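Q: Listed below, chain by chain, are the residues.
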Amino acid sequence: MTLERAFHFCSLLLAAVAFTGLVLTGEIPSGLAVLGLAALAVTIARTIGWGGDRLVDRLVGLPTSVWTALLVAAFVSFGIDLLLISRDILPAAVHFLILLMVVKLFHLRHRKDFLQLYAISLSELLATAALTVDLWYAGVFVAYVFAAIWTLILYHLRNESEEAHKGPSPIARPVTRQFFWTTNGIAVGSFCLTLVIFFLIPRIGTGFFQKNRTELIRTSGFSEKVDLGVIGAVKLDPTVVMRIEFPDVRGPVQNALYFRGAAYDTYDGRSWGNRSATRRTLERTPDGVFLVSTPQAAAAAESGGLRQEILIEALDTTVLFGASFVESIKGGFQIVQVDGVGGLYLPFPTSARFQYSVRSVPDRLREPDRTTESVSYPDLIRQRFLQLPDVGSRVGALAREVAGDARTPYERARAVERHLQQKYQYSLDVSTAVSASPVEDFLFTRKTGYCEHYATAMVVMLRTLGIPARLVTGFLPGVWNDFGNYYSVRQQDAHAWVEVYFPGSGWVTFDPTPSVPSAAPSLFSRVGKVVDSIRLKWDRYVVQYSFRDQMAAAKSLREGGEKVRTEVSGLLSALTRGLASAKAWLAGSARAYGWILVGGLAAGALVVGLVLVWRGRGGGARQADPRTARQVAAIQLYERMLRILEAQGLLKSPGATPLEFARQVARERGEAARYVEPLTGLYCRVRFGQAPFSSDDDRQARELLAGLQAARR
Amino acid sequence: MNSTSKIQALRSNIERVIKGKPSVVEMTVVALFARGHLLIEDVPGVGKTTLAHSLARSLGCSFRRIQFTSDLLPSDILGVSVFHQQSQAFEFKPGPIFAHIVLADEINRTTPKTQSSLLEAMNDAQVSVDSRTYPLPHPFMVIATQNPWEHHGTFPLPESQLDRFLMRVRIGYPDLADEKKVLDRPQTLHPADELDPVLTLQEVLDLQDRVEKVRLDDSLMEYLLAIVSETRRSALIALGVSTRGAMALHKAAKALALVRDRDYCLPDDIKDLAPMVLAHRVTLHAGPGTRRHRSEEAEQVIRDIVESVPVPL
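First to last, the sequence lines map onto chains A and B. Just so it is clear: in the first sequence, position 69 is 69 by the working numbering, and no numbers are missing. When you read off a place in the second sequence, starting at 1, and then add 1000, the result is the number in the working numbering.
Hints listed in this document are in silico derivations from the structure and should not be mistaken for laboratory results. Keep in mind the model is a prediction, meaning the values are calculated, not measured.
Listed next, the stretches of chain B that the computed footprint assigns to chain A, with coverage defined by at least 3 CB atoms under 8 Å from CB atoms of chain A:
{"#": "1", "stretch": "1214–1223"}
{"#": "2", "stretch": "1259–1268"}
Cβ pair distances, simulated, as ranges:
{"#": "3", "chain 1": "B", "residue 1": "D1175", "chain 2": "A", "residue 2": "R674", "range": "23 to 33 Å"}
{"#": "4", "chain 1": "B", "residue 1": "M1247", "chain 2": "A", "residue 2": "I85", "range": "48 to 58 Å"}
{"#": "5", "chain 1": "B", "residue 1": "D1304", "chain 2": "A", "residue 2": "V196", "range": "53 to 63 Å"}
{"#": "6", "chain 1": "B", "residue 1": "D1184", "chain 2": "A", "residue 2": "G707", "range": "44 to 54 Å"}
{"#": "7", "chain 1": "B", "residue 1": "A1226", "chain 2": "A", "residue 2": "L606", "range": "36 to 46 Å"}
{"#": "8", "chain 1": "B", "residue 1": "D1196", "chain 2": "A", "residue 2": "W181", "range": "44 to 54 Å"}
{"#": "9", "chain 1": "A", "residue 1": "I85", "chain 2": "B", "residue 2": "T1133", "range": "49 to 59 Å"}
{"#": "10", "chain 1": "A", "residue 1": "V142", "chain 2": "B", "residue 2": "M1247", "range": "34 to 44 Å"}
{"#": "11", "chain 1": "B", "residue 1": "D1184", "chain 2": "A", "residue 2": "R674", "range": "33 to 43 Å"}
{"#": "12", "chain 1": "A", "residue 1": "T176", "chain 2": "B", "residue 2": "T1200", "range": "28 to 38 Å"}
{"#": "13", "chain 1": "B", "residue 1": "M1247", "chain 2": "A", "residue 2": "G31", "range": "45 to 55 Å"}
Cβ coordinates follow ideal geometry from the N, Cα and C atoms, glycine included.
Chain A on its own, in the form it takes in the complex:
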């Protein structure tokens, strides 16, 4: 492939990579996507020489005025799109970009056309970044960097050769393997440099156009009113809703975890709801922590609680999840509300995934509650959590029968829980049609059901026994990902369970649903875990990378520096006290400029390395200095010979060739010829023949020069 063709091909490839990214976002109307892909395909095929399609040739041959008219038409359609169809600047601009690209693809004549195509492809890449946060963007970005480096180097070469020849002259030199690898090396280098810049340049906030268009995941079971049976509908949905890390714990958490979402106090026979929907805004401490209960309890949680980092996807609910029971919560939000049953809410839904951290204290039943037989509940609790719909008397009878001779409320609750776990079949095959009295249906007729049926039945049964209870919806931990050390929670992990009130201990979690055996881990699920953990890291360290992370990184770097510094200073003081002042100065400057220095040095070393590679390979630098190192060495050698001869009165005229001059020397000073001839031969071989210039050659040449110098008359 000649450079000219390679240049064309790379320019089109650049546009193709950027456009592919845009298509992958799925935000492009299919018509435009097909148009763009078709235009790219035919132009690339034409460049490679596969299809000498006559139609394309005719299109390419259309006069400039036609293309200008098309551009104007595209602009007009942009206006219409903006005002009437998309009604938003970003999609309208993206559609306009695609039209521009298609027009430019067929109209690449001058240098400026190529530059415009590059600008369009860059804009497409930026638009893609605004439209997606997915992992594949990393691939598109890397491909774009490589294609861009190739293209820009070829563009530069082409420019230089045009200017050198004063007018358009096709560069017919073939693309060598060396050229290919050199450019790829540069691409890798600049990609690393970009990474350094990415992590070092201070973040000022989210992008200007960063409009998160991720689809909200529909959840069930967390709205104000929950119909019985909604959770069953999502029990087979593998969509990941959140990922949970435990910074203080290595490996999966041993005790049973329930990630609590919403809780409900009122059951009307078919659906759950809350009697009072009033929400209280939580107090925010100066460090941005929201305390759910009293500061004292939160302080206790600080020492003994379970800390969780939760990355939650964009859900259609404002509920904040956390292991039961959440004591404090911290994240990038200004307001957190809590309702009367302990559900935590944001004031409005977020449109993007976000991260927050939570501290929880697990529920613990205190000893008195376990043994006390007669309990008096507070009025507020009695009013709200003993409410019963119109259920038949059979439920109450069953509850009493199950409770049997259990005397304490705790024992009764456990008895009911055990009874439900053992006597009823877990199954998702329950008709979604809501019957008139689902609880009775479940308890007496079908005897099969899933978590909601179990939990609702238990709450109703406990309430008939006079024990306050409520229904809670949330998630089970899901699958432990041992590559990334986190739980990935999916829609199918949605769950409903029961909380029972005890005067001394508060609310305690009960789960009447029998545990379902989980599937054995297969190879596929292991691969899935690896991919999922990479996806989490991409989101954590690239998409969500923030100023806070930079500060944390800088801080840890500085702490490392401090540690090194103290070690060094200890060593120094042990060696001598006389250097104390110098040490203080060193320490002071290290403190002030520590991480800037490290970053600067790394970037500098990278640049120097790149320059060295560039010069060493010589391939990419041909336009700057076309001569290789050994050619330069040969020229220096020859020039030294000429200087020696000039001093001896033999001057080479500028128009004389090396061989002519050697003959002239032989004619005029025969005794010098035996030095000049081999030197000229070596020079010609290396300078014009690119022959190797070995150290032997170098030594021999020096001897010859010395001999020539000595052969003075």
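Model the placement of chain B on the given structure of chain A, informed by the hints.
A: Here is chain B on its own, set in the frame of chain A:
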């Protein structure tokens, strides 16, 4: 046998017949390997025909000679379609141009029409007769001669037509010793007939391909272009060297490097070739002198120009 010894064998084979003219033989070989055509400008009887003949014999390929006269027609060169009685169809009878080596003797004595039919064939390596195209054999080389001393009844080739020839050389009289050797030879046999082929056609084609691979450093490319652009700027020259001329010099330099047993060009290759490759492509400003003088003068102008362009270090 490697390429060097093959080329050497070819040269010495020809030099057995063409005595005392090593540089002319070298240029002939260069023109062959550069896929070019040769124009020999000289008086009759100095061995032009013999040169062409011995080249053809050394390659063991077909050879035709066309004597150009004022009444020669294009069909006398290219061939003609005749009606075949039995097959009831036109049949193409190829002309003398369908040979590997064609000697076009005294090309300036025929009409421009006939001249241009030959030159078209040289350029395209094919012949079109009656809207059908016939490819010429491979390799194909025309060696044309013209006598600069004749004026009456000649049609000198214009410079634009001369451009088609890779180079123009003059043979000149041999010196006394060499002439004596020529006379000493037995006269019964044509000297070229004694020669045996030393190269096959395939070997010639391979060597022509090798020429493409000869390295020409960027600085030499610039040197070559500097020479060419100097011819366009010189006050002595009315019309400078065309791009085709630059391409011809480029190619000939590579072929000369190969003939001189190198796989890279030296400035010497370009400098030695420039008068022969460029002189017939320039038009000097009108001045006194016969045509012969004019071509010698042009060669001198080119030589002066080459001498004035600095050789890259």
